[in-house]
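In the order they appear, the protein sequences are chains A and B.
Taken in order, the first sequence gives residues 1 to 236; the numbers are from my numbering.
Taken in order, the second sequence gives residues 1 to 332; the numbers are from my numbering.
Certain hints may be false.
[Unchecked claim] Here are the simulated SDA-like cross-link-like pairs (lysine to any residue), alpha carbons at most 20 Å apart as the crow flies: (1) A:Lys-15 to B:Ser-170; (2) A:Lys-15 to B:Ser-41; (3) A:Lys-15 to B:Ser-326; (4) A:Lys-15 to B:Ala-313; (5) A:Lys-43 to A:Asp-76.
Bear in mind the hints are in silico, worked out from the structure with no lab data behind them.
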Amino acid sequence: MTTTPAGAGGMIELKDVTKLYNEGRPNEVRAVAGANLVVERDKVTVFKGPSGSGKTTLLSIVGCLSRPTTGRVLLDGELVSGLPERFLTEVRRSTFGFVFQRFNLVRGLTVIDNVMLPAYPLAPPHAELRERALARLDALGLAGKAEMPVEHLSGGETQRAAIARALINDPKIVIADEPTANLDTALTERFLEIVAELRAEGRTVLMTSHDPRIWQSDLVDAVVEMRDGRIVGEFA
Amino acid sequence: MIFQAPILALLLVSALSGATLLWAAGFGVRVLRQWDLESGSRAQLELERRTHLVSTLLAFVMAVELFALLLFVFNADRMAVMFVGAMCAVGTLNVNAWGFPALYLKIAVFFAASLWLIVDAADSRGRDYPMIRFKYGLVILIAPLVLAAGAAELAYFLGLKADVITSCCSKLFTPQKAGLAAEMSGFDEKAALMLLGGAFAALALAAALWWKSRRFAALYSIASAFLFVAGLTAIVSTVSLYVYEHPNHHCPFCLLKAEYGYYGYLLYVPLFAATAMGIAPGVLSLYEKTESLALAIPGLMRRLVAGSLALYAVFGVVVIATIATSRLVLFG
Numbered sequence: 001m002t003t004t005p006a007g008a009g010g011m012i013e014l015k016d017v018t019k020l021y022n023e024g025r026p027n028e029v030r031a032v033a034g035a036n037l038v039v040e041r042d043k044v045t046v047f048k049g050p051s052g053s054g055k056t057t058l059l060s061i062v063g064c065l066s067r068p069t070t071g072r073v074l075l076d077g078e079l080v081s082g083l084p085e086r087f088l089t090e091v092r093r094s095t096f097g098f099v100f101q102r103f104n105l106v107r108g109l110t111v112i113d114n115v116m117l118p119a120y121p122l123a124p125p126h127a128e129l130r131e132r133a134l135a136r137l138d139a140l141g142l143a144g145k146a147e148m149p150v151e152h153l154s155g156g157e158t159q160r161a162a163i164a165r166a167l168i169n170d171p172k173i174v175i176a177d178e179p180t181a182n183l184d185t186a187l188t189e190r191f192l193e194i195v196a197e198l199r200a201e202g203r204t205v206l207m208t209s210h211d212p213r214i215w216q217s218d219l220v221d222a223v224v225e226m227r228d229g230r231i232v233g234e235f236a
Numbered sequence: 001m002i003f004q005a006p007i008l009a010l011l012l013v014s015a016l017s018g019a020t021l022l023w024a025a026g027f028g029v030r031v032l033r034q035w036d037l038e039s040g041s042r043a044q045l046e047l048e049r050r051t052h053l054v055s056t057l058l059a060f061v062m063a064v065e066l067f068a069l070l071l072f073v074f075n076a077d078r079m080a081v082m083f084v085g086a087m088c089a090v091g092t093l094n095v096n097a098w099g100f101p102a103l104y105l106k107i108a109v110f111f112a113a114s115l116w117l118i119v120d121a122a123d124s125r126g127r128d129y130p131m132i133r134f135k136y137g138l139v140i141l142i143a144p145l146v147l148a149a150g151a152a153e154l155a156y157f158l159g160l161k162a163d164v165i166t167s168c169c170s171k172l173f174t175p176q177k178a179g180l181a182a183e184m185s186g187f188d189e190k191a192a193l194m195l196l197g198g199a200f201a202a203l204a205l206a207a208a209l210w211w212k213s214r215r216f217a218a219l220y221s222i223a224s225a226f227l228f229v230a231g232l233t234a235i236v237s238t239v240s241l242y243v244y245e246h247p248n249h250h251c252p253f254c255l256l257k258a259e260y261g262y263y264g265y266l267l268y269v270p271l272f273a274a275t276a277m278g279i280a281p282g283v284l285s286l287y288e289k290t291e292s293l294a295l296a297i298p299g300l301m302r303r304l305v306a307g308s309l310a311l312y313a314v315f316g317v318v319v320i321a322t323i324a325t326s327r328l329v330l331f332g
């Protein structure tokens with residue numbers, strides 16, 4: 001099992017995490033209810049479950065994109081969910097790389113400009129950043145399209161550009177929300193190869209997925225099943 | 001009389017500050033009673049989410065209060081022409097019984113707000129809200145002060161009557177009268193300058209001691225407070241005489257007038273700003289050993305001490321330049 005009971009001291013620990021939307025209103029939604037989980041480092045973990053089961057919300061809490069309503073999130077033993085905003089931004093920027101379901105690349109910018117974008121707040125020398133971005137694109141087979149506007153890329157290329165962007169700050173943890181939702185079998189397999197490379201590089205990968213091709217893959221170390229905001233099962 | 005832009009601005013600032021401080025003090029009580037970073041309870045997480053908002057609003061309010069003192073004094077001077085007998089801000093402040101209490105309370109708010117802003121800046125450098133209880137404890141103490149200052153200001157402005165014949169500064173800042181102003185006016189000129197020199201020496205000593213040992217920051221803060229008192233005394237008893245080139249005119253408010261080139265602002269702004277920065281290191285030193293502030297506090301204290309020393313130096317240079325360039329000869 002990659003996921004272990006809370007308290008065992010993994011890379012990411014969730015303790016009694018609950019997330020309510022529209023709290024106190026008639027349309028209140030309990031997106032996550034009392035989640036306890038430990039995710040170990042350098043592994044690939046997939047959150048599966050039907051739409052509305054709380055996968056994306058839980059992933060956004062782990063990635064410090066949103067704060068829980070109750071409960072705590074610890075990263076390498078440090079409490080991160082309660083950090084003041086400026087430190088939370090630092091953690092988010094230096095620790096996580098995000099691949100969003102719709103990829104969220106900025107139209108009108110070139111591929112390389114999109115890839116370099118998350119590094120700008122860290123203000124590295126431009127030449128060095130460009131070199132790093134090109135290396136990322138090269139590793140993902142996109143070096144030849146670096147100067148192309150992102151809207152000219154195919155679906156698979158767009159996804160790889162989004163992955164290159166997620167990796168530009170060399171994150172320890174890569175978070176991908178439904179990364180293969182719009183991809184065919186061949187592209188899904190290519191994506192899994194990339195995930196294997198990320199794991200080999202020593203990164204922890206967290207994904208949500210409806211796709212059995214993802215959570216049945218040998219590459220995946222653990223599957224966390226969610227239903228109605230609750231973790232209902234954890235499988236190796 | 002109340003419908004004048006500076007008065008309306010000041011009243012608006014006081015009303016907004018009072019309301020914000022009152023609300024923040026209520027939040028502060030919750031922080032003091034419920035804050036527990038170990039807990040993942042809903043109440044704790046709500047406090048964590050809100051503290052950023054409350055602190056941001058408070059920082060804005062406190063910063064505005066700093067400028068409100070300047071506007072209050074500027075306005076008092078500006079309105080002197082409206083009252084019979086008033087030559088400067090003293091006459092305006094003397095129109096009714098609330099003028100000087102309002103000024104003193106606004107000065108107290110100035111220093112309290114400065115301290116809070118510095119504490120907030122230090123607290124925001126810690127990952128675990130290290131000074132949060134102290135910060136909101138301060139808010140609970142500052143709130144009544146801001147409300148009292150606002151109330152005194154309102155009473156003062158509502159009580160401004162154009163037909164009142166007021167007293168000018170020569171009636172107040174004269175050794176012949178009783179009270180603090182008269183005491184300061186009557187202070188021997190040579191003794192006042194020696195006191196100021198001694199205060200500068202004490203400050204330099206305290207700064208050197210702190211710089212060398214990184215200890216005794218409280219001494220620097222005490223020396224700062226002492227220099228503030230000595231500075232004001234020197235301005236009233238001696239420096240003002242050199243500015244006016246008149247051996248009996250001690251008013252510290254006429255210095256603010258256009259006909260003296262707004263000279264007073266050159267003296268007061270550095271003195272007040274330096275003191276606000278100078279009293280903070282002693283407070284911050286209480287948190288020097290806090291783990292999450294171990295890197296941030298020394299740097300912040302260093303900047304505060306250096307900044308206050310620089311501003312005191314400006315004040316000192318202005319005092320010396322005033323004496324050196326004046327045609328008045330008091331000694332020898």
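Taking the hints in turn, this is what the structure says about them:
1. A:Lys-15 to B:Ser-170: 71 Å, violated
2. A:Lys-15 to B:Ser-41: Satisfied, since the Cα-Cα distance of roughly 11 Å is no more than 20 Å.
3. A:Lys-15 to B:Ser-326: 72 Å, violated
4. A:Lys-15 to B:Ala-313: 55 Å, violated
5. A:Lys-43 to A:Asp-76: 14 Å, holds
The structure shown violates the earlier hints numbered 1, 3 and 4.
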